[in-house]
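Colleague: Now for the letters of each chain:
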Amino acid sequence: MAMQELPKKDFFAPLKAWKFLGKRPVTIEVPNKVKREASDRYRGFHINDWSKCIGCGTCSKICPTDAITMVEVPGLVRDHGKLPQRPVIDYGRCSFCALCVDICTTGSLQMTREYIHVSDDAEDYVYMPTEKGLNAKRGLYEHGKAPLGWIKDENSDILDLVRVKMPMEEPEVRVKSFIEIVKGYSKEQAQQEAARCVGCGICTYTCPEHMDIPQYIESIYKGDLEEGLRWLYRTNPLSMVCGRVCTHRCESSCSVGVRGEPVAIRWLKRYIIDNVPFEEYDRILNIRPEKKGKSVGIIGSGPAGLSAAYFLSTMGYDVTIYEANARPGGVMRYGIPRYRLPDEALDKDIAFIEALGVKILVNTKVGQEIGFDEIAKKHDAVFISTGFGLGRSTRVPGTDHPNVKQALPMLKMIRDYLRGDGPKPPVPRKLIVIGGGNVAMDISRSMARLQTMEYGEVNVHTLSLERSFEEMPADMDEIEEALEEGVEFHPGWGPIEIVIEDDEVKGARFKKCLRVFDENHRFNPQFDENNQIFIEADMVIEAIGQAPDYSYLPQELQEKLEFVRGRIKTNEYNQTAIEWLFAGGDIVHGPDIIHGVADGYAAAKGIDMYLSKK
Amino acid sequence: MGEVKLFFGPNHPGMHGNFSVHMYVEGDVVKRARPLPGFLHRGFEKLMERRYWYSNIALIPRICVPEPDINEACYAMGVEKIAKLEVPERAQWIRMIVLELARIANHLMAVGGIGGPIGLYTAPQWGTADRDRILDIFEALSGARVYHMYIVIGGVRKNLTPRIEDMIWKTMDYIESRLPDYENLIFKNRILHSRLKGRLILTREQALEMGVTGVGLRATGVEYDVRKVDPYLFYDKVDFEVPTATDGDAFSRVYLKFKEIPQSIKIIRQALEKMPQGDKVNVPVSKGSALRRIVPKGMAYVHIESARGEYGFFVVSDGKNKPYRVAVRGASYPQGLYGIEKYLPGTRIEDVPIWLATMDVCAPEIDR
Amino acid sequence: MTNSMSNLVKILESFNPFVEEIDEKEIKITVSPDKVVAVLETLKANGYSHLSLMTCVDWIDDNQLELVYILFSWEDGGKFLVSTRIDRSNPKFVTVKELWPVARFYEREIHEFFGVEFEGNDDMKPLFLELWDERPPLRKDFDPRDYSRKKFPDREYEKDVIKEAKIFRGEING
Chain H
1 MAMQELPKKD FFAPLKAWKF LGKRPVTIEV PNKVKREASD RYRGFHINDW
51 SKCIGCGTCS KICPTDAITM VEVPGLVRDH GKLPQRPVID YGRCSFCALC
101 VDICTTGSLQ MTREYIHVSD DAEDYVYMPT EKGLNAKRGL YEHGKAPLGW
151 IKDENSDILD LVRVKMPMEE PEVRVKSFIE IVKGYSKEQA QQEAARCVGC
201 GICTYTCPEH MDIPQYIESI YKGDLEEGLR WLYRTNPLSM VCGRVCTHRC
251 ESSCSVGVRG EPVAIRWLKR YIIDNVPFEE YDRILNIRPE KKGKSVGIIG
301 SGPAGLSAAY FLSTMGYDVT IYEANARPGG VMRYGIPRYR LPDEALDKDI
351 AFIEALGVKI LVNTKVGQEI GFDEIAKKHD AVFISTGFGL GRSTRVPGTD
401 HPNVKQALPM LKMIRDYLRG DGPKPPVPRK LIVIGGGNVA MDISRSMARL
451 QTMEYGEVNV HTLSLERSFE EMPADMDEIE EALEEGVEFH PGWGPIEIVI
501 EDDEVKGARF KKCLRVFDEN HRFNPQFDEN NQIFIEADMV IEAIGQAPDY
551 SYLPQELQEK LEFVRGRIKT NEYNQTAIEW LFAGGDIVHG PDIIHGVADG
601 YAAAKGIDMY LSKK
Chain Y
615 MGEVKLFFGP NHPGMHGNFS VHMYVEGDVV KRARPLPGFL HRGFEKLMER
665 RYWYSNIALI PRICVPEPDI NEACYAMGVE KIAKLEVPER AQWIRMIVLE
715 LARIANHLMA VGGIGGPIGL YTAPQWGTAD RDRILDIFEA LSGARVYHMY
765 IVIGGVRKNL TPRIEDMIWK TMDYIESRLP DYENLIFKNR ILHSRLKGRL
815 ILTREQALEM GVTGVGLRAT GVEYDVRKVD PYLFYDKVDF EVPTATDGDA
865 FSRVYLKFKE IPQSIKIIRQ ALEKMPQGDK VNVPVSKGSA LRRIVPKGMA
915 YVHIESARGE YGFFVVSDGK NKPYRVAVRG ASYPQGLYGI EKYLPGTRIE
965 DVPIWLATMD VCAPEIDR
Chain X
983 MTNSMSNLVK ILESFNPFVE EIDEKEIKIT VSPDKVVAVL ETLKANGYSH
1033 LSLMTCVDWI DDNQLELVYI LFSWEDGGKF LVSTRIDRSN PKFVTVKELW
1083 PVARFYEREI HEFFGVEFEG NDDMKPLFLE LWDERPPLRK DFDPRDYSRK
1133 KFPDREYEKD VIKEAKIFRG EING
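Protein chains in written order, with this note's numbering: chain H, 1 to 614; chain Y, 615 to 982; chain X, 983 to 1156.
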């Protein structure tokens, strides 16, 4: 290419520069004369909406310059899904990259277009962003009036809001048998799901058992399942069960769940247990406590009982569990349907507890095979966790008919039948289930399976007082899966009577429920008596709640104990009014397995304190 | 006359950035010269190993101040090569537009920058003012004027809106309309000619031996441009020329930069026309939040043609959420270190800043 | 890989290389340390005359340092990554400054950052760092955070940021 040659000398050549004399200068004086607004994507000083911020600290983790520190704010309380801390930004370090804005789990942290802040005091460059932002000195805008700049959108978002899809059995397949629905993550899927976690630890507070959730998720992410197993067994000996059927309150507080789908904490826990062989447990966990020479008796081998047994034996106590049924596990063995919790899963958890030396005496009903006094005499302390074994009835006319059944005995019968322990339960062609909780879902879906196996079609009507799926206490997943399996829901109906003709159940009549709770949030349903329906059925199952059975407790003990609405009152270590008697599970707190595990843990600590002092 | 040791830089009006040359001079003639880098060494290669793949975006543009986007693009493309990641086509076109805008901005600054060492003060004023128009585009597109932090792994952070597209069209028309003025007032200027013509000639053999790339090499008559020889992004789908010269002197190096500006404008216009519409301009490298996105094991070297020559990132991943090693090839590494030692002796003191300016010795990219 | 690249790979077979294709225009060739210079000479003679980058990777778990030479051909547009691993506890290698003079500076840099000695390269003065008193900084066992904590204490701010934030929010009066 030709180079620019120097032009010949020319007298008029300088004239060509003269045209620029008349041009206006392009420079402007900022900010005193001209207010030059930054562009609408500008990354200026931060603002943070405290009402949205949950203190997860993800901004401080992603910060490449270490400019953000989380500082606890007195006056904020630690709550479900919230940590009492807020980010503090050091503008001596900040590089204005906006990664904190892009990863913010809630979207509370944002950037304004304010870009001028002049101060000769270094202290002015560190501050805790609020809704009003930095009080910029000599800035463009009044304090709190700076318009928003950089806003996160779907392209710049660097949080992963979508869960790794869990492989599940299709509804048409699963309704034909009691095969487990959730198949579990593969290694790759589990690592991908674990990578979504931001490690904030908000879930730990929400979990009744305060499990080390971020820690074991990180172990999965690193591929170190042995470490993950150790984290699990630090707080929960029933991780395999919880990994399947926990009510996963942790997921409702997950910071990733604020804008997207929460991390699948429950399934990740299950992944660890599913993938560590039982033979390795002893080596990995290496529990070798010093024997204390004292013994504890536990009545009931449900979640609370097993949990207490595990923690007590890791402390070195001799533990004996008395179980009335033929197999240990309580509600996990006899209540939860097999498609959610197969026997093998439970067996693995129990086997490890037994391997620690816990004796489980089955078919030993206290009050019949063995007296309560005898247990009290044999052991240094006693923990009772007998659960809510009795069903509640609506007591409407006709409920005394033999074809009006209670959910819990039916569930037990079905499980016994499936594992070959008992006779086949009666399978009606048309069934009404009364109730809107998880037990109602369990029995509806179990019966739908039996109906499909028997008759090839589902005819289950589930009626509840609650007027919508949201109001129903059952998990939304359960309701959705039941719908997929062909269960028909009628929310907002209360039973009037069971219609019986010629000594046969023909169906039931219901009236419209107008409201379930009164202004004081007390259970006080109101009905529209004129709006009634009749539903045909040859069996009715009531699943409106359960009640405890304290008949095994001697009268004089019962008198000493304090009861609150059918539950035993205890202190924070689950100690009852009788100092050697501890209680836990449904008879103290409820309502789910993880609360039982938490009770067992607390009681084990309480028993240890009590026996150490003794 | 005895030999005198002269410290040139790091604080010197003719010095570009914080860089120092120790010269031993006799009279005005340089006898020996030693480059002394390190004033801007921030240890970025080490720091990058200790940050997440995504949060490195805050460090990367700072490796080269006048043209930060090449760093971002190189790093992103290196990671994408290891992960075999398909980037949305629109994002690739946007990257090309950004890279060419950055080239124009850098060339304008270089054309202006030559004014300082030779005393032609119109050039820096004009160059800076017109470069600001491009920074306005960057501000609208990425939210920052200098360190854009815009090209990230998997694409770009935000979409190009029609309003910004319009802004680019208008600015390109404006820059194009300014080029004849530059030609007339700067490149026909007597001072420029007398100071640059025939000075600091680098032959083709010398350039190749040294490993010089970019205009320094192309001024010796070869059409060696990474965009043509090893096309990346969609450079093989657009029509443009690589200007070359045969003189190999300081003047042709500056003039070639100026001549590349219309070519870049041409590329940007084609890109704006050919770019597919769409909302998606970013894909994650793997599942998970940016804290835990992993890049599979592997290594790759990605180089692109920066305004100063071949610019490369060598990225190594050991399959974790942080890079195992990132090494940067600064475009001016050969001429800024070896070149000073080898080619400055024999020249005059006033030529030293011209070498630094026309060979684009960029201290931050040498030091990292 | 392109035709000329696969031809070159065939020529290089006598050096027992381990060949990995990174993409169609980028090939990594791993050879034992004693063959590196011969491989580089062969490549240089066959058009791969541009040394894009020479660098080093610390594989601390294997107790090895990996030296990587990246060669580029202006004719072909292809890249060869020539790699070799040397012992980490006593890292020594030969210089290639006769092949590429600029390698002198790359070697100085690698010596400074990784502690590799290059026989034949007499200029091993520190290039970037001044008064360095620690192990070579790009080695994996060097912790820059510890170092800077030791050398440059953090600034302590005295301001009560929480109080200020509460005043901004109107929760308390300032």
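These are computed hints drawn from the structure, not numbers from a lab. Each residue gets a CB set at the ideal place from its N, CA and C atoms; glycine is no exception. Treat the hints loosely; a few may be bogus.
As the list claims (entries may be wrong) - The list that follows gives simulated cross-link-like pairs (lysine to aspartate or glutamate, EDC-like), each with its CA atoms no further than 20 Å apart: (1) 23(H) x 797(Y); (2) 569(H) x 549(H); (3) 1148(X) x 72(H).
Unchecked claim - If you anchor each label on the Cβ, the simulated ranges turn out as follows: (4) 1155(X) x 779(Y): 25 to 31 Å; (5) 25(H) x 1027(X): 57 to 63 Å; (6) 892(Y) x 17(H): 44 to 50 Å; (7) 995(X) x 779(Y): 32 to 38 Å.
Colleague: Take the hints in turn and mark each one as holding or not.
Modeller: Structure-based check of all given hints:
Among the hinted pairs, residue 23(H) with residue 797(Y) is consistent with the structure: their alpha-carbon atoms are about 18 Å apart, no more than 20 Å. For the given pair, residue 569(H) sits about 15 Å from residue 549(H) by alpha-carbon distance, which is consistent with the 20 Å threshold. Between residue 1148(X) and residue 72(H) the CA atoms are separated by roughly 13 Å; this keeps the pair inside 20 Å, and the hint holds. For the hinted restraint 25 to 31 Å between residue 1155(X) and residue 779(Y), the CB-CB distance of approximately 50 Å leaves it violated.
The hinted range of 57 to 63 Å is satisfied by residue 25(H) and residue 1027(X), whose Cβ atoms lie roughly 58 Å apart. Taking the beta carbon of each, residue 892(Y) and residue 17(H) are about 47 Å apart, inside 44 to 50 Å as hinted. Between residue 995(X) and residue 779(Y) the beta carbon distance is about 52 Å. The supplied range of 32 to 38 Å is therefore violated.
Checked against the numbered hints above, the structure breaks hints 4, 7 and satisfies the rest.
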